[in-house]
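So the protein sequences, as listed, match chains A and B.
Each residue of the first sequence is one higher than the one before, counting from 1 in the working numbering.
Each residue of the second sequence is one higher than the one before, counting from 1 in the working numbering.
Hint data in this document are derived by calculation from the structure and do not stem from the laboratory.
Only a predicted model underlies this, so the values are computations on that prediction, with no experimental measurement involved.
Treat the hints with care, as some may be off.
Said to hold, decoys possible - Covered by chain B, according to a simulated footprint, are these stretches of chain A (three or more residues, beta-carbon under 8 Å): (1) 20–34; (2) 41–50; (3) 66–78; (4) 99–108.
Stated by the list, open to error - As a list, the in silico DSBU-like pairs of lysine-lysine whose alpha-carbon atoms are at most 30 Å apart: (5) B:Lys101 - A:Lys57; (6) A:Lys70 - B:Lys53; (7) B:Lys3 - A:Lys59; (8) B:Lys13 - A:Lys70; (9) B:Lys57 - A:Lys70.
Don't be surprised by glycine CBs; every beta carbon is placed ideally from N, CA and C.
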Amino acid sequence: TQLLEQSPQFLSIQEGENLTVYCNSSSVFSSLQWYRQEPGEGPVLLVTVVTGGEVKKLKRLTFQFGDARKDSSLHITAAQPGDTGLYLCAGAYEDGGSYIPTFGRGTSLIVHP
Amino acid sequence: DVKVTQSSRYLVKRTGEKVFLECVQDMDHENMFWYRQDPGLGLRLIYFSYDVKMKEKGDIPEGYSVSREKKERFSLILESASTNQTSMYLCASSPTQGTIKGYTFGSGTRLTVV
């Protein structure tokens, strides 16, 4: 069972367009994170959202945590070719006293010049 | 600059070989993780460790084992490599349980089993 569902799976857009990526769950998370992964490299942390309803901005990237802390979104304004990559959301669920990390399957973004 | 270092970027091994993937972190993190990443399947947790000499099975531990003799080093072992273990292997570490502090990933090892 995939605890974190990401959509869309693929996005191919032109430079300058806006886009939104979604990360949804039926479970409540104490925090969610977004990572970007470039080909041949490991994921790199972009942001952590902790409070329900929280909005964080990172230049042209806007991250939102749902009020119920079950979902999050990543919005990119005026996408650039340098935004190309795999975007992953991540959370941790509690199991027997340990916190187990879980990742969505990712959204593969290609921004064409 | 803090780092998670994986010993090899690319590795080609034969079916049946015993394979060791090494991961070292220099951040004094308590927690370390091994994932494999396959197209369409995302990151799947193989094993993790929240303390030296401690290990816990993740979602797909079959065919793998791990070793954590020192805090900074977490090794993944493929006891008898098979072609279905061809994949990208990613090591990660974090200072705390949960996601609040984030995970730092290595650059990955692309393993091909022939």
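Worksheet item: Between Lys101 of chain B and Lys57 of chain A, is the straight-line Cα distance small enough, at 30 Å or below?
Response: This hinted pair holds, its Cα atoms lying about 18 Å apart.
Discussion item. Hint check: Lys70 of chain A vs Lys53 of chain B, CA-CA at most 30 Å. Holds or violated?
Written reply: violated, 34 Å
Worksheet entry | Hinted pair Lys13 of chain B and Lys70 of chain A, Cα distance within 30 Å | violated, 42 Å
Worksheet item: Under a C-beta cut-off of less than 8 Å, do 3 or more residues of the stretch 41–50 of chain A approach chain B closely enough to confirm the stated coverage?
Response: Satisfied; 7 residues make the cut.
Discussion item. Can you confirm whether chain B covers the stretch 20–34 of chain A, using C-beta to C-beta distances below 8 Å and requiring at least three such residues?
Written reply: With 5 residues closer than 8 Å to chain B, the stretch 20–34 of chain A meets the three-residue bar; holds.
Fill in: Distance restraint between Lys57 of chain B and Lys70 of chain A, which requires alpha-carbon spacing of 30 Å or less
holds, 26 Å
Worksheet item: Taking a Cβ-Cβ distance under 8 Å as contact, does the stretch 66–78 of chain A have three or more residues in contact with chain B?
Response: Answer violated; 0 residues pass the 8 Å Cβ test.
Discussion item. Check the hint pairing Lys3 of chain B with Lys59 of chain A against an upper bound of 30 Å on the C-alpha distance.
Written reply: holds, 25 Å
Worksheet item: Okay, the stretch 99–108 of chain A and chain B, do three or more residues pass the C-beta test at under 8 Å?
Response: The restraint on the stretch 99–108 of chain A holds, since 8 of its residues have a Cβ under 8 Å from chain B and three suffice.
The structure fails to meet hints 3, 6, 8 from the earlier list, while all remaining hints are met.
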